[in-house]
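S.K.: Chains as they are written, first to last, in our numbering: chain A, 1 to 284; chain B, 1001 to 1297.
Don't read these hints as lab results, they were simulated from the structure. Predicted model only: the values in this text are computed from it and were never measured. Any given hint might turn out to be false.
Under 10 Å between C-beta atoms, here's a sample of chain B residues computed to sit facing chain A [what the hints assert, rightly or not]:
1) Leu1101
2) Met1112
3) Phe1281
Taking beta-carbon pairs under 10 Å as the criterion, some of the chain B residues facing chain A (in silico) [to be verified]:
4) Lys1003
5) Leu1005
6) Leu1013
7) Met1020
8) Met1027
9) Phe1077
10) Cys1078
11) Leu1083
12) Val1098
13) Phe1121
14) Val1198
15) Leu1216
16) Ala1258
17) Gly1262
18) Leu1269
Here a beta-carbon is modelled for each residue, glycine too, at the ideal position from N, C-alpha and C.
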Amino acid sequence: MSMFDDKKRMRRHTLNTIFTVICYISVAIGVAVLASTMYTLFSKGIMAINLSLFIENLPPLGADGGLKNAILGSLIITVSAVVISAPIGILIATNLTEFPTKGKLGSAVRFVNDILLSAPSIIIGLFVYSIVVRALGHFSALAGIIALALIAIPMIVRTSEDVMKIIPSNLREAAVSLGVPRWKVTVFVIYKTAKAGLITGVILAMARVAGETAPLLFTVLNNQFPNYNILTPMANLPVVMFQYAMSPYENSQQLAWAAAFLITMAILFTNILTRFFFSRSRNK
Amino acid sequence: MFKNLTRTLVICLLALIVLMFLTLIVMSWPAIQKFGFSFIYSTEWNPVTEMFGALPIILGTLITSFIAILIAVPISFCIAIFLTQIIPAKISIVLAQVIELMAAIPSIIYGMWGLFVFAPFLSEYIQPYLINAFANIPVLNFIFGGYSIGIGVFTAGIILSFMIIPLISSVVRDVVNAVPSVMKEAAYSTGATRFEFVFKILLPYCKHGIFGALILGLGRALGETMAVTFIIGNSHQLFEGLFMPGTTISATIANEFAEAMGKIYPAALIELSLILFVITFIVLSISRYFLKRGGNQ
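Extracted from the complex, chain A is given alone in its bound form (with noise of 0.2 Å):
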């Protein structure tokens, strides 16, 4: 072997390492990242939850008080907006495994779906605005439970078409051939065998419209005193953490931490939870 061959074998394997270096870094950056973030959201969140977080309703800014009408507010918010996408996306779903069409409807439809899915959430704040805001002529709950759950729907017509396309044809065609109609072959034979799909892609849908805080400034925005009509505008955590975490008074920035740490905790919990639920109950 001539000295050439060496230097050459040195310097590709220089390079290997090199890049392996490297991807060890990548993944480095991207775990301290998370790491930090996680860091300072306990860091600042523990700080400030006690329990009068639970039982006070939200102060104006610079003064004391707690986050329960808060939470209150986005937990109705939260859960009106999936309860009214989960079934909408399902269906629309179905139609795509169960009935597909000759045509590009089928196409068209995932097209849509898709751009819905990555469109910026603002644009879907300010459509709703613009239709439902100013129909009303006032902020309303209302309005941010519609605009949640028109972000939500392209999230579960998703993940449903994804569980319900792989389930095998020869089980709809044996319902099929027995006589079933074809309503309940979808209810009792391909819901039934998807269940645990579907129910994780409303969850994991759940948890991201939870967060999502640009819609709701315009259709939602926010109220300090308690109220639960969702007619009025609503107190929610999105909004006051925008709102008070921008504020130059420490305890309002605090309730803004201490909103921050309740809804990502449950953002996190929720995602663990139902991966570990879903990956076992594929491994079944």
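Go by the hints and put chain B onto chain A.
M.R.: Frame of chain A, contents of chain B only:
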């Protein structure tokens, strides 16, 4: 019956996107009528005189997204390679889920973290050195100009990159996983190193898919709102350097829409959102085309 019900909802979904476009056009009509094309190239943004030009805002959106892509794409590619080629599958599954948790964190949290933690860190440890390093080089001293105040275009771009890394790396991972293992076996059996396999076999083979992932990340970065709103500084000046405050379309809307009075001001903000919608529509269509093409290979 059941079939028709699902079909009706499908039609509604298609109608929704048309309705969104029409609504945005109608709502922004006063601004479109008053400013015409000058809205896109004029640089004056003055709510008091009701003169609105969006060039600094559109440029700010493009620059922050460009920075985000520049940082996020190589890192995401390396993460995807690490997860698929370097570590054993069992650890990879866990680590991939950890990276995906980054995507689950709401964007406003990144905004708060950026404002209270990351921006002070940059202004103390990174920006002064960059400003000094490029101080005497023409052009670059303009690009890396400004004050080390933490918030600004540069910081917004970096935070955006953190937000799209999980998205791009998971799409690239799927693309890379779809490469037939016989290619890997063939490469390694001829004595290729991992570096050579990745850059001479893998990358050319899935270039369409990776480009699609890049564009998908771009689409996400262009419309990201809350994280940017916290840290960009909301200044309507035309680009003055990476470390100066700027603004983006979505940050401008988030900051100003609630206070927009009169007829022209809200219309101008909605026209901004219309421009953003058109840009993301085009970007996402391109991404879909390449991801599909990558998948068919």
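S.K.: Would you check whether Phe1121/B satisfies its interface hint, that is, whether its CB is within less than 10 Å of any CB in chain A?
M.R.: holds (9 Å)
S.K.: The hint names Met1020/B as touching chain A; please verify it with the least Cβ-Cβ distance against 10 Å.
M.R.: Because about 5 Å separates Met1020/B from the closest Cβ in chain A, which is inside the 10 Å limit, the hint holds.
S.K.: When the nearest CB of chain A is found for Val1098/B, is that gap smaller than 10 Å?
M.R.: Cβ of Val1098/B sits 7 Å from chain A, so the hint holds.
S.K.: Hint validation: Ala1258/B versus chain A, beta carbon distance must be below 10 Å. Holds or violated?
M.R.: Check passed: Cβ of Ala1258/B comes within 7 Å of chain A, closer than 10 Å.
S.K.: Phe1077/B was flagged as interface toward chain A. Is the shortest Cβ-Cβ separation under 10 Å?
M.R.: holds (8 Å)
S.K.: Taking 10 Å as the limit, does the beta-carbon of Leu1101/B come near enough to a beta-carbon in chain A?
M.R.: At 6 Å from the nearest chain A Cβ, Leu1101/B passes the 10 Å test, so the hint holds.
S.K.: Just to be careful: measuring from the Cβ of Gly1262/B to every Cβ in chain A, is the smallest value less than 10 Å?
M.R.: Violated. Min distance 15 Å.
S.K.: Could you check if Leu1216/B really has its C-beta closer than 10 Å to a C-beta on chain A?
M.R.: Since the shortest Cβ distance to chain A is 7 Å, the answer is holds.
S.K.: Checking hints one by one. Is Leu1005/B an interface residue toward chain A, by the C-beta closer than 10 Å rule?
M.R.: holds (7 Å)
S.K.: Closer than 10 Å between Cβ atoms is the bar; does Val1198/B clear it against chain A? Give me holds or violated.
M.R.: holds (7 Å)
S.K.: Quick one, is the Leu1013/B hint okay against chain A at 10 Å, beta carbons?
M.R.: holds (6 Å)
S.K.: When the nearest CB of chain A is found for Met1112/B, is that gap smaller than 10 Å?
M.R.: holds (5 Å)
In the structure shown, a violation is registered for the earlier hint numbered 17 alone.
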